[in-house]
Amino acid sequence: MLDFISQPWQWYVAGPMITLVMFLMLYLGKNFGVSSTMRTICASTGAGKFIPFFSFKWKEQLWNILFVVGMAIGGFIASTFLSSNVPINISSETLESLAHIGISSAGSSILPSELFSWEALGTIPGFIVLVVGGFLVGFGARWAGGCTSGHAISGLSNLQLPSLIAVIGFFIGGLIMTYFILPLVLRGLA
Amino acid sequence: MKKQYFQITLVGILFGIILTKSEVVSWFRIYEMFRFDSFHMYGIIGSAVVLGIITIRIIKKMNLKSIDGKDITIAPKESSISRYILGGILFGLGWAMAGACPGPIYTLIGGGFSVMLVVLASAVLGTFVYGLVQNKLPH
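Protein chains in written order, with numbering that gives the first Met the number 0: chain X, 0 to 189; chain Y, 0 to 138.
Hint data in this document are derived by calculation from the structure and do not stem from the laboratory. Positions of the beta carbon are idealized from the N, C-alpha and C atoms, including for glycine. Hints are not guaranteed to be accurate.
[What the hints assert, rightly or not] A partial selection of chain Y residues facing chain X, derived with a Cβ cut-off under 8 Å:
{"hint": "1", "residue": "Ile43"}
{"hint": "2", "residue": "Leu89"}
{"hint": "3", "residue": "Lys135"}
Based on the provided sequences and hints, a complete structural model is requested.
Below, the structure written as structure tokens:
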């Protein structure tokens, strides 16, 4: 059983289980949305005294923080006890294009070691990917009113037009980054 | 326990395990998705949404209640185009660059990638700056 769980999970296992997570959150009387935790973190620092957007009863959102604490614990459990150390089986086309932009660590790690380490933070490509990338995720998610969980999963499941527009935006941004900006940013690695 | 805190933490643990075991947390998988080189991510999101639509339909049809006896609803988002498309594009730029949306950021930190704390701090800063300039942006 543990061997079975420890293999990488196929899409047709993971997708339905994500639906189950959404259902369980709804059943527990909550919404399925991750990025709003970052607003709660801002509010918990007292930012609401100066900025109306962070002025709400953040303690009522404590469940949301516990949800992401659980997600971190889940990451620990999966990588410590449920790992089979099988390299990520990405397609050969992707491997080839990664080689062109200077990333050769595919297969040996979950994340490209050229960018995701404390040493890489001191390099220009590493700093841009970690800091600017993170900033855009936080800023964009709040402007759009949600991220992948809130819009792409919950919102589309509820057939909400705003979520469809947001997901189209996610893809426009993602494609521009992948095809035009990332190759420029990573030029220093090649 | 008060307000289902314990159950919510357990669901979070389940979600973290799913994201790790299905490799959704991998920067490589996101890069591959945006290059249309593999069905993996589309299969995950697509099957989750199709089943999600059916699930929400059933909840509404059968008028299912949550654990505290209330109607299960997903709050509708306000109508607009500009905030969703512009905010969405910025989010997509960040998603493809950092290779992680908010969920995987938390899960990767637990998975031992301490440098993801920098990504989390940057995302919280991005959220904070949004709150500062919110009134100046089209919504």
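Take the shortest C-beta to C-beta distance between Ile43 (chain Y) and chain X; is it under 8 Å?
Since chain X brings a Cβ to about 5 Å from Ile43 (chain Y), closer than 8 Å, the hint holds.
Can Leu89 (chain Y) be said to touch chain X, with a Cβ gap under 8 Å?
holds (3 Å)
Closest C-beta approach of Lys135 (chain Y) to chain X relative to 8 Å, hint status:
Violated, because the Cβ-Cβ distance from Lys135 (chain Y) to chain X comes to roughly 11 Å (cut-off 8 Å).
Comparing the model with each earlier hint shows a violation of hint 3 alone; every other hint is respected.
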